[in-house]
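Trainee: Produce the complete structure using the sequences and hints provided.
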Amino acid sequence: MKLFSSVKDVNNLQQFVDDALALKQNPFAYQSLGKNKTLGLVFLNPSLRTRLSTQKAALNLGMNVMIMNMDKEGWALETEDGVVMNGSTVEHIREAAAVMGEYCDILGLRSFPKLHSREEDYSEGLFNKFVKFCGVPVVSLESATLHPLQSFTDLITIQETWKTSSLSGRVGEGLPKVVLAWAPHVKALPQAVPNSFAEWMSRAQKEGMLDFTIAHPEGYELAEQFTDGAKINHNLEEALQGADYVYVKNWSSYKEYGKVLTYPDGWMLNNEKLSPTNSAKVMHCLPVRRDLELAAEVLDGPNSLVIQEAGNRVWAAQTVLKEMLKNS
Amino acid sequence: MKLFSSVKDVNNLQQFVDDALALKQNPFAYQSLGKNKTLGLVFLNPSLRTRLSTQKAALNLGMNVMIMNMDKEGWALETEDGVVMNGSTVEHIREAAAVMGEYCDILGLRSFPKLHSREEDYSEGLFNKFVKFCGVPVVSLESATLHPLQSFTDLITIQETWKTSSLSGRVGEGLPKVVLAWAPHVKALPQAVPNSFAEWMSRAQKEGMLDFTIAHPEGYELAEQFTDGAKINHNLEEALQGADYVYVKNWSSYKEYGKVLTYPDGWMLNNEKLSPTNSAKVMHCLPVRRDLELAAEVLDGPNSLVIQEAGNRVWAAQTVLKEMLKNS
Amino acid sequence: MKLFSSVKDVNNLQQFVDDALALKQNPFAYQSLGKNKTLGLVFLNPSLRTRLSTQKAALNLGMNVMIMNMDKEGWALETEDGVVMNGSTVEHIREAAAVMGEYCDILGLRSFPKLHSREEDYSEGLFNKFVKFCGVPVVSLESATLHPLQSFTDLITIQETWKTSSLSGRVGEGLPKVVLAWAPHVKALPQAVPNSFAEWMSRAQKEGMLDFTIAHPEGYELAEQFTDGAKINHNLEEALQGADYVYVKNWSSYKEYGKVLTYPDGWMLNNEKLSPTNSAKVMHCLPVRRDLELAAEVLDGPNSLVIQEAGNRVWAAQTVLKEMLKNS
Numbered sequence: 001m002k003l004f005s006s007v008k009d010v011n012n013l014q015q016f017v018d019d020a021l022a023l024k025q026n027p028f029a030y031q032s033l034g035k036n037k038t039l040g041l042v043f044l045n046p047s048l049r050t051r052l053s054t055q056k057a058a059l060n061l062g063m064n065v066m067i068m069n070m071d072k073e074g075w076a077l078e079t080e081d082g083v084v085m086n087g088s089t090v091e092h093i094r095e096a097a098a099v100m101g102e103y104c105d106i107l108g109l110r111s112f113p114k115l116h117s118r119e120e121d122y123s124e125g126l127f128n129k130f131v132k133f134c135g136v137p138v139v140s141l142e143s144a145t146l147h148p149l150q151s152f153t154d155l156i157t158i159q160e161t162w163k164t165s166s167l168s169g170r171v172g173e174g175l176p177k178v179v180l181a182w183a184p185h186v187k188a189l190p191q192a193v194p195n196s197f198a199e200w201m202s203r204a205q206k207e208g209m210l211d212f213t214i215a216h217p218e219g220y221e222l223a224e225q226f227t228d229g230a231k232i233n234h235n236l237e238e239a240l241q242g243a244d245y246v247y248v249k250n251w252s253s254y255k256e257y258g259k260v261l262t263y264p265d266g267w268m269l270n271n272e273k274l275s276p277t278n279s280a281k282v283m284h285c286l287p288v289r290r291d292l293e294l295a296a297e298v299l300d301g302p303n304s305l306v307i308q309e310a311g312n313r314v315w316a317a318q319t320v321l322k323e324m325l326k327n328s
Numbered sequence: 001m002k003l004f005s006s007v008k009d010v011n012n013l014q015q016f017v018d019d020a021l022a023l024k025q026n027p028f029a030y031q032s033l034g035k036n037k038t039l040g041l042v043f044l045n046p047s048l049r050t051r052l053s054t055q056k057a058a059l060n061l062g063m064n065v066m067i068m069n070m071d072k073e074g075w076a077l078e079t080e081d082g083v084v085m086n087g088s089t090v091e092h093i094r095e096a097a098a099v100m101g102e103y104c105d106i107l108g109l110r111s112f113p114k115l116h117s118r119e120e121d122y123s124e125g126l127f128n129k130f131v132k133f134c135g136v137p138v139v140s141l142e143s144a145t146l147h148p149l150q151s152f153t154d155l156i157t158i159q160e161t162w163k164t165s166s167l168s169g170r171v172g173e174g175l176p177k178v179v180l181a182w183a184p185h186v187k188a189l190p191q192a193v194p195n196s197f198a199e200w201m202s203r204a205q206k207e208g209m210l211d212f213t214i215a216h217p218e219g220y221e222l223a224e225q226f227t228d229g230a231k232i233n234h235n236l237e238e239a240l241q242g243a244d245y246v247y248v249k250n251w252s253s254y255k256e257y258g259k260v261l262t263y264p265d266g267w268m269l270n271n272e273k274l275s276p277t278n279s280a281k282v283m284h285c286l287p288v289r290r291d292l293e294l295a296a297e298v299l300d301g302p303n304s305l306v307i308q309e310a311g312n313r314v315w316a317a318q319t320v321l322k323e324m325l326k327n328s
Numbered sequence: 001m002k003l004f005s006s007v008k009d010v011n012n013l014q015q016f017v018d019d020a021l022a023l024k025q026n027p028f029a030y031q032s033l034g035k036n037k038t039l040g041l042v043f044l045n046p047s048l049r050t051r052l053s054t055q056k057a058a059l060n061l062g063m064n065v066m067i068m069n070m071d072k073e074g075w076a077l078e079t080e081d082g083v084v085m086n087g088s089t090v091e092h093i094r095e096a097a098a099v100m101g102e103y104c105d106i107l108g109l110r111s112f113p114k115l116h117s118r119e120e121d122y123s124e125g126l127f128n129k130f131v132k133f134c135g136v137p138v139v140s141l142e143s144a145t146l147h148p149l150q151s152f153t154d155l156i157t158i159q160e161t162w163k164t165s166s167l168s169g170r171v172g173e174g175l176p177k178v179v180l181a182w183a184p185h186v187k188a189l190p191q192a193v194p195n196s197f198a199e200w201m202s203r204a205q206k207e208g209m210l211d212f213t214i215a216h217p218e219g220y221e222l223a224e225q226f227t228d229g230a231k232i233n234h235n236l237e238e239a240l241q242g243a244d245y246v247y248v249k250n251w252s253s254y255k256e257y258g259k260v261l262t263y264p265d266g267w268m269l270n271n272e273k274l275s276p277t278n279s280a281k282v283m284h285c286l287p288v289r290r291d292l293e294l295a296a297e298v299l300d301g302p303n304s305l306v307i308q309e310a311g312n313r314v315w316a317a318q319t320v321l322k323e324m325l326k327n328s
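Residue numbers (my numbering), protein chains in the order written: chain B, 1 to 328; chain Y, 1 to 328; chain V, 1 to 328.
Among the clues, some could well be false.
Since the list gives no way to pick out one identical chain from another, each pair is judged satisfied if it fits inside one copy or across any two copies.
[To be verified] Listed below are the simulated DSS-like cross-link pairs for lysine-lysine, each with C-alpha atoms no more than 30 Å apart in a straight line: (1) Lys326 x Lys24; (2) Lys206 x Lys114; (3) Lys322 x Lys37; (4) Lys24 x Lys187; (5) Lys37 x Lys114; (6) Lys35 x Lys24; (7) Lys132 x Lys24; (8) Lys35 x Lys163; (9) Lys231 x Lys206; (10) Lys206 x Lys326; (11) Lys8 x Lys132; (12) Lys35 x Lys255; (13) Lys163 x Lys24; (14) Lys326 x Lys132; (15) Lys35 x Lys8; (16) Lys24 x Lys129; (17) Lys163 x Lys259; (18) Lys187 x Lys2; (19) Lys255 x Lys326; (20) Lys114 x Lys35; (21) Lys326 x Lys231.
The hints are simulated quantities; they were obtained by calculation from the structure and are not laboratory data.
Mentor: Here it is in structure tokens:
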């Protein structure tokens, strides 16, 4: 594995999930693999879970970790080609990426969208240039449009808590019903987490691992390239019927790009709204705004998986790093 | 040991001090104890000595260390319950603490008081919630009201430089006279260091290890819960008579909470003021403002212990971490 | 080796270069040397290459690394003696340096010049006080006037890419012609990199390893203490005749201290300007502003050594740390 930025980078989805759960049982089994190898984590935006869980995953594998907070410790990066650099950017991503590739065996990059131009964000220009010029394997720590370590974690967590030991190969039997449910927020958030969740769950649905529905108010349609095969519902109550997993997440509009649109009342999940579900487990990538995105009573109740889910970020990252180390 | 936030968390004070001095002689003796264990250091406020000495202590024990500068790399934390989080805080301490507990075997937390409300600061709400929700052992790296790693260090340093190999069990013989002496400053500083020093020295006095006096101008009384048994003196010259150790520190008023009050001249320690002492050793937790809190001539002279004291922070932290690792 | 701040700290220049290239072949050969040793990296200014390459070098040697971003995580340092510290500085460098020396076996310090006063910057007051008070070996990570890890790297890179296996001992044969060429910039930059490059190349020239020329517009003369024996040319075209290596770098005026002076057109190196050279290799310390300091066509073309050069920073740092560890 030379790149992990999308579910498309994974060959065998069930095997990938099984590998992660095996690492959780035996975290230090592959320490010789990482000996004298260095992971560089490059942050153009803040991070808590991704930073700590990926660092922990690398340490479990015996790797060294070097962290670079580009926004705080470094320089403003130029990403356009053909520009005379007489403004505020002090280094081009061509050199910055290549140099970091000289010092690290694997690199991770976090870079949020600006939410100004859909074309710019969805081209993934910065991320793709970083991959192109650094010359070493790259793990996305969340890009403008996708957050694959989060979505891989989410699938691991669904497998871990589902009643059968393998989601795959159960055709004809009951599949878990997974609902991605839009939630309110006061700020305009990226679409990276829901895009990515939709991409991974659509793939899992295609492979017969689960049943996938997206619920959101009108105007909050996600980019179709990520939602192939998903059932879309503008009625939250209807969508939640019989759900086994509800994945709560706010995102800003893709159509009216980066905007916070008006929406009908009743989109914040609480215990009452959970009643028509199949005692659904509730997931969220965190950070979560209590009683705005998701009722505190749900977060503090028995249905919440959010902490277990966050903990599983380690095994997602460790599975990816292990695959990259095996190739190197 | 599951918590280190106060002298009350220590069973046998003399043994704890002796353990620290033994680690100083043999820093790498317990490296197998920390193998594959991770210490997370969470800073809500800046730190130099605490950061480096605790990191060094963990490395000496073979641990991995992950550092999280929440104020710079992370998010503003909500600490109140029942709040609709539609303002500037982006994550509740319930989730933040629990998530960090998923990634770390032991956590350290630094969080200063706001000095706005005595009730709020002295409730230690943030620190206690962090302890409650993270689910792993916690070391205080300085809280709103106490700085136990510093005070433990101070007792270690007194033992190390005193003429008898054990402070305890010398009843009837001369005990070291220790004086905590208030000093001027231009800013309103927390009471955490003097509270903590008073708490540790009062306990040590009760156990017959030393004799403890506090000198400060009127209005600068510390909270009584920490000063039990201490002699209080508003006359610095009188308090210093025959002192063996003078611990210099500024703090803001506890009574007129967080205020800098007017005070009589003559509270900055210099060589002249040291003359009635028993050639007292001078201590300070650092950072120190030269010729404002403490005369440069004292800092640069033979009585100063401040650098040795700062160095001993490693052995205090290492003793605490070793106890926590033994339990895990 | 107790100090690395100038080429004067190196006894045998050719041997030092050969050691670095041997480490590049065998990066992990000296891991027992660094076991349980700690390198502290102290940044008063931002850093990308120096931070990562020095950290990597230390990890290769089996050392632990602790990083302190003083400007962001710490305190404003006082460097003057005899000052009443009642202003904005919160700790004196005497205590800060001494304390860091308690926790680290070797320290690295980065501190840029302020470019206000030539006397202040060229006295290297802050750097020298840090060395004096910390009590452990110190590596310069770039000081007010010199950047020796960069210049050592540059000599390593020239040796690595030159046609003979040793630059020394070839008297009578063709020596590489090395040209330091001033380049335009929009900001006032320090003279540390060109001073240091001149210092190292002048020494190498004296030892018969190469031929050294400096090209710059009038008014951009470097301090003579660093340029002993160098040919100075105000005509770029003339200076580049037959060059084997062109080292491109902007710097502000030393004479009109810290000023950006007007200069004639034609000082940005491009492919056309390279034609009278001996297919010269082009070097730059990075970060570089494309099409302002140096043409993008050169950076992206076959003559550029900039990425290889940045990669070699590891071996320069590792050679220095290895020498310091051998002594300790």
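Trainee: Does each hint fit the structure? Answer for all of them.
Mentor: Here's how the hints hold up against the structure:
1. Lys326 x Lys24: both (18 Å within a copy, 23 Å between copies)
2. Lys206 x Lys114: Neither way: lysine 206 and lysine 114 sit 32 Å apart in one copy and 54 Å across, limit 30 Å.
3. Lys322 x Lys37: both (11 Å within a copy, 20 Å between copies)
4. Lys24 x Lys187: neither (35 Å within a copy, 49 Å between copies)
5. Lys37 x Lys114: neither (33 Å within a copy, 38 Å between copies)
6. Lys35 x Lys24: both (20 Å within a copy, 17 Å between copies)
7. Lys132 x Lys24: Between. Shortest inter-copy distance 25 Å satisfies the 30 Å Cα cut-off; intra-copy 32 Å does not.
8. Lys35 x Lys163: neither (37 Å within a copy, 35 Å between copies)
9. Lys231 x Lys206: within (13 Å within a copy, 71 Å between copies)
10. Lys206 x Lys326: The answer is within: 28 Å in one copy meets 30 Å, while 49 Å across copies does not.
11. Lys8 x Lys132: within (18 Å within a copy, 41 Å between copies)
12. Lys35 x Lys255: Close neither inside one copy (47 Å) nor across copies (51 Å); limit 30 Å.
13. Lys163 x Lys24: within (18 Å within a copy, 53 Å between copies)
14. Lys326 x Lys132: Only inside one copy: lysine 326 and lysine 132 sit 21 Å apart there, 40 Å across copies, limit 30 Å.
15. Lys35 x Lys8: Cα proximity of lysine 35 and lysine 8: one copy only (29 Å, versus 36 Å across).
16. Lys24 x Lys129: between (33 Å within a copy, 28 Å between copies)
17. Lys163 x Lys259: neither (40 Å within a copy, 60 Å between copies)
18. Lys187 x Lys2: neither (35 Å within a copy, 39 Å between copies)
19. Lys255 x Lys326: neither (41 Å within a copy, 56 Å between copies)
20. Lys114 x Lys35: neither (37 Å within a copy, 42 Å between copies)
21. Lys326 x Lys231: Classified as neither; 38 Å inside a copy, 53 Å across copies.
In summary, the structure is inconsistent with hints 2, 4, 5, 8, 12, 17, 18, 19, 20 and 21 from the numbered list given earlier, while agreeing with the others.
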